[in-house]
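Build out the structure end to end from the sequences listed, making use of the hints.
Chains as they are written, first to last, in the UniProt record's numbering: chain A, 1 to 432; chain B, 1 to 432; chain C, 1 to 432; chain D, 1 to 432.
Keep in mind that a hint or two might mislead.
On the chain C side, residues computed to face chain D include the following (Cβ under 8 angstroms) [as the list claims (entries may be wrong)]:
no. : residue
1   : 57
2   : 58
3   : 181
4   : 183
5   : 290
Derived by calculation from the structure, the hints in this document are not laboratory data.
No residue lacks a Cβ here, since even glycine has one placed at the ideal position from N, Cα and C.
There are 4 protein chains.
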Amino acid sequence: MVNNTKLHEEKVFKDPVHRYIHVRDSLIWDLIGTKEFQRLRRIRQLGTTYLTFHGAEHSRFSHSLGVYEIVRRIIGNFEGFPGWNEEERLLSLSAALLHDVGHGPFSHTFEKVFHLDHEDFTRQIILGDTEVNAVLSKVKSDFPQKISDIIAKTYENKLIVSLISSQIDADRMDYLLRDAYFTGVSYGQFDIERILRVMRPWEEQVVIKSSGMHAVEDYIMSRYQMYWQVYFHPVSRSAEVILRKILHRVKFLAESGYSFKKKTDAFNSFFYGNVGLREYLKLDESIMLYYFQAWQEEPDPILSDLCNRFINRKLFKYMEFNPMNVKEWLALHEAFENEGIDPDYYLVLDSSSDLPYDFYRPGEEEERIPIYLLKPNGERRELSRESEVVEAISGKKRTDHKLYFPMDLIEDLSSTSTAKQLIVDLLKRGGI
Amino acid sequence: MVNNTKLHEEKVFKDPVHRYIHVRDSLIWDLIGTKEFQRLRRIRQLGTTYLTFHGAEHSRFSHSLGVYEIVRRIIGNFEGFPGWNEEERLLSLSAALLHDVGHGPFSHTFEKVFHLDHEDFTRQIILGDTEVNAVLSKVKSDFPQKISDIIAKTYENKLIVSLISSQIDADRMDYLLRDAYFTGVSYGQFDIERILRVMRPWEEQVVIKSSGMHAVEDYIMSRYQMYWQVYFHPVSRSAEVILRKILHRVKFLAESGYSFKKKTDAFNSFFYGNVGLREYLKLDESIMLYYFQAWQEEPDPILSDLCNRFINRKLFKYMEFNPMNVKEWLALHEAFENEGIDPDYYLVLDSSSDLPYDFYRPGEEEERIPIYLLKPNGERRELSRESEVVEAISGKKRTDHKLYFPMDLIEDLSSTSTAKQLIVDLLKRGGI
Amino acid sequence: MVNNTKLHEEKVFKDPVHRYIHVRDSLIWDLIGTKEFQRLRRIRQLGTTYLTFHGAEHSRFSHSLGVYEIVRRIIGNFEGFPGWNEEERLLSLSAALLHDVGHGPFSHTFEKVFHLDHEDFTRQIILGDTEVNAVLSKVKSDFPQKISDIIAKTYENKLIVSLISSQIDADRMDYLLRDAYFTGVSYGQFDIERILRVMRPWEEQVVIKSSGMHAVEDYIMSRYQMYWQVYFHPVSRSAEVILRKILHRVKFLAESGYSFKKKTDAFNSFFYGNVGLREYLKLDESIMLYYFQAWQEEPDPILSDLCNRFINRKLFKYMEFNPMNVKEWLALHEAFENEGIDPDYYLVLDSSSDLPYDFYRPGEEEERIPIYLLKPNGERRELSRESEVVEAISGKKRTDHKLYFPMDLIEDLSSTSTAKQLIVDLLKRGGI
Amino acid sequence: MVNNTKLHEEKVFKDPVHRYIHVRDSLIWDLIGTKEFQRLRRIRQLGTTYLTFHGAEHSRFSHSLGVYEIVRRIIGNFEGFPGWNEEERLLSLSAALLHDVGHGPFSHTFEKVFHLDHEDFTRQIILGDTEVNAVLSKVKSDFPQKISDIIAKTYENKLIVSLISSQIDADRMDYLLRDAYFTGVSYGQFDIERILRVMRPWEEQVVIKSSGMHAVEDYIMSRYQMYWQVYFHPVSRSAEVILRKILHRVKFLAESGYSFKKKTDAFNSFFYGNVGLREYLKLDESIMLYYFQAWQEEPDPILSDLCNRFINRKLFKYMEFNPMNVKEWLALHEAFENEGIDPDYYLVLDSSSDLPYDFYRPGEEEERIPIYLLKPNGERRELSRESEVVEAISGKKRTDHKLYFPMDLIEDLSSTSTAKQLIVDLLKRGGI
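Below you can see the structure in the form of structure tokens.
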């Protein structure tokens, strides 16, 4: 028997995207109150994007509430469905709320540099010695493990897994709407109310009544647009490049025995690869910004310069650059070195790519569960077979390569400098 | 002759409130790029409000751009107005952009505790040795001083002053719309496009064509609603109370010679009242949050507890409490002391009050410039004489008093505790 | 036992105001399908307002669906409330849907000229030999009578009455939001979702939890603004004046034995005061416009001119005119007569007045049920005692008087004409 | 020299889609006031769509204002462009306003049945003896002819033609946004402000700066979605089928010498193919609805039944039906005839098809001007070569076939009826 207590009176959060977020279960209320969940307030949803779209200052806290609310609305229709019970409901809501709880500051960059995976930390927060675990354990002793399994996609009831991990899940629906709202772009809009109305549980998955196909097309297109207009915006990527190089530099300096004016206590366990949950949870974006600001005054000129660039938004300029142009790349590399501009930090090729939708390709690295339409006659059809718009972009990975460099330093070079001549020439051609 | 350079191509910022913010002058572009202006990205527009309305994570950076954009739209109608020239235009735009540049982290609380005034720092940033000053000085040598005068309201052309400091200025219009957008409440909405259409320069002030009276009424009501629904929300004030008490405690400890585990370098000049501009500019909300997080581990139980409350949002509970109830206040104070709960930090009376609109009352502390309506016959009439809605709330200061205390500690007391009995009894009566 | 059948699958209408309107009961679906209800598609919600706000072309059909939807959402919270059962639910929904079913074309004007009352026709449609009555009777034999009583406010369960007839009912909430949406003005917006959340059934009335007071204030102010900005807009009233005069003229001509080129079949029963339900139901705004267009070619110059003005939007001009200025009125009247411009049709004083909110004043003509706030301690307080904004406008009737006249005809007069001189002089003074 | 007078003060119309529509030229103000333009108030923008989406009651009047406003905003950027002068500006604005002025009631159906073309009437209104022509002629004697040429796409300056007739013109942009707004669907939204910012005059066409490609993609997708979600909605088409059959029937009856109880004066010239402009202008949707209502009482059972269906929205049911299924079609036809249900009126195959975007295919019936992107290096590239989303739908005509029939009559047949059996069987299979 699951231990569930209802709140005396429903609580609501005012939310600009979903209007209100409704909480009726003590479990959910208590989870929101834990310090591990509150910590998400100090981690931005979109990393460095606020340096391009100044409205994008929203946190993972609000996104997590949003995902919870969408799941709450979806499963409102599941009552009475065979095998669906109170425990499944609480599992779905909790997993939705906690699916991102392990994210750290500037997650993607940080994880890449330090070879970490936020999903590990999500698992540790749910299963370890935390306030979150204490709240979950009160429901039932195996409740935390089940939540962890759902987020890891290994839980046996794939229907619940699909609510937060599929090509049309609550996670994606919330972030598209939310990121569109806070950046102010119109592309992320789609008719979520209609999509929620046509979602049906069907064996191990949520399927979409075929009458809702156009709403799903619109959702797929929104996602496609948001990737290219917002998530891969070259200016945000410029800030990300600098962030990455700061972390690389600081790690390199630490490993080289450089003596920091400002001690790197908060980062030491990351440098040496023995990160505990406690250290991880202490890190958030305010801590990172504190250090970046302090490191502006380090004697190391590269660390100091990069931190100054990040804090004061003196970003790198960029141009198209196809990595196949090896000769040009080597020439630039050498020219930068000759000018004393370390190309390891100041000449950066960055690539982004996205697969807007894909059908199932067995045996591939990440087997994507396709979206199925449910026809009036009960037949199930994979989306791209019904929609020619989706078919057109289905399985097509698009990649964008950009070269980043400090234009201000280049401009200061003498006009006979090879580095300057190469860059100016490439810019005139619009990159290569 | 004013030195103005136009950008080769107009730059735009995507803004959720005004759709786009348009920049055509190099001066404005360069000001936005200064590090003093970029620093506003690290200071939230609404202080602790994000702990109540999770969407309210927007910064003073975006508000400052918004005020600039509104002024830009207003003065688009001023061309050809006698005495209006290119210099007035640049002065208006720059002053709009910079009017809040001196704000520090959690401004209101911080200033109160350390007896500072952000307007002093605004002046220092504009006139001192800063990137902002360097950019402004390039226009004309006395340009920085004029900007400073406009913000200080001492500038001779009161028309320009009124654009950013009056009862219907660009500052208020932007923050109402912006705060409504990011919190998600609908109250702050009003028809700014209509108001901008009916604004007319008239001697030393912007006046409103009387056909736009209802739009102005709606704006005044929006302001009234936002104050009581958002700005004075008792939960945000609870966080503010805790913040205030943290700063009080840390100042007290420093003055008492307490030895901090975590050195208070960033704050020392504030404790000792000799704050320089450099120190001030280094402080932002990420620095504050860094310290609050570190201070959770201080041996001093009060500092550690208060920081834990702020970081993990374990706020104080509140009730109505009229400060005239001196006897009850003293009884509570004593009962808290008897339980070892220091009332100086854990029993806090907080009052908020607002004057939604006022006409001119000569000789008063702050002489407010009233809003004038311009009638078709050329006559000017003060708003509250024409609008009975505005008249109804005109000059009426409303005050709200609340008592804050840590309910969690009270609940842990034995049922015979006087403190507990007093609190429980007052709560039953809904406060006094 | 009430006969209720659920639809096999929920039906929805896409609605711009409430997003979707949900229908689950066969009864409601069948009522919407009746010809008496479909007829509301041919009657505009805002009469002549579309001649001022071109978006305001929406019909009473969409408003009626909206009122139904709001009531549906309100009573979703009433289940389990003592005395509330399936029959009350169906009664509330049906009464909401049908409350305006008796409206005729350009209702207010039409009723005034022909001394009719749309509420009589609502009753006849519900109780008479109609498709609506047939559908209602299938539920239970006394069901139509109960619906009629609810709309007439004589039904014993005043709680149901108050849902569609009170100072904060579903009717008003829908029309404010809808009229704001279709005109495009922002004034009518308020947070209906919040108001619905704080509505509670309380004995014979719906009351509002006091935590929702500001949302109600905002609603009252929206109503106030909509009245003066939209409903009483002087240009719409100009069209209404002409409409009224057309009907007066055609009635006068009919009574005088004038021989119409275009027979007035559709109107005859109205002229002679023996209107049957069948004739009434045949009239709608397309019929009216058909006749107005045809009457442009009548030999009677006044009828023909007025119809031309209405069809082609050649409206009367207006100015402020206080009816106390009897002398000026008589002078104008005489001057118009002297010029052969019949003042009975071409010099029209029109007054509008509104009472935005009122508390209960026993013994008055229309005893208004006030809005009550429900305090946490269970006490009920009348709104204007708690809200100073509402108090300010409470019980204050505001009246606006305007004088309408055909400026085009006046302009054609010789400059020595007294009529022209009087009008020009008054216009210079901005009216009197 | 062009005769242009500016209004003493700018006039505005409140518009829900563009917020305000601004008029500064007397010419435009006077055109709006003509009776031919005012007549557009009595013709719905979306024909029978209001019977599916109840909000879609907006008129061609508001759409025409919207197209004008968009063109006004686009050409705000054209000043100073070589060859662009005051006359081109007035031509563009007038053509935008008047491009639809020749539309009649339920245009598409009406034109098909009576072999008319609204563009003929547009030309006649502009060149003939009308108020519109009188206003236009005051500018310059050849001004009306130029306007007519622009709308007919034969005007020499193709840049002006492209503003209102291309694959991304002001007409399409307004109707997508407007129809989305009034129906309440979200699909029609796209970022028009961004598109207007990236439009550039380029020789004979407006081109799009390539940085705006994604906004254009979004616009193309909106159009695609609106066609299938709104414009081709099968329920609206059901009403259109009935409307078409009414007109066919009435024409047939007139030609057969049937004696109408209600004389068909307004239609006679249409029956006999000698339609003059005066007769045409008298027809509007209120006149049509007047007749449909009257014809419900005609003795002819088909006319009376069809009118009853249209007025009271008793529409035909539909199913998928591929016209290749000739055998089934003939069987149904015969079965209907056997039951005395005239298949010419009660068994209707209706097909809709759309081409969302196409590049230039020389020699084809309608040579479509493609959308060009302007690259930073000055190169012009056709949209579908740059955008894979657009490429995917480019030139692909999609067709939808539906069979319409009166389900109510079929249900009344005995269960042994072949017609009933055929229909029921097809419905079970979801159509063929």
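Okay, the hints, checked on the actual structure:
1. 57: Since chain D brings a Cβ to about 5 angstroms from residue 57 of chain C, closer than 8 angstroms, the hint holds.
2. 58: holds, 5 angstroms
3. 181: This hint holds: residue 181 of chain C lies near chain D, its Cβ roughly 7 angstroms from the closest one there, short of 8 angstroms.
4. 183: Interface hint status for residue 183 of chain C: holds (6 angstroms vs cutoff 8 angstroms).
5. 290: holds, 4 angstroms
Violation of the numbered hints given earlier is absent; every hint is satisfied by the structure.
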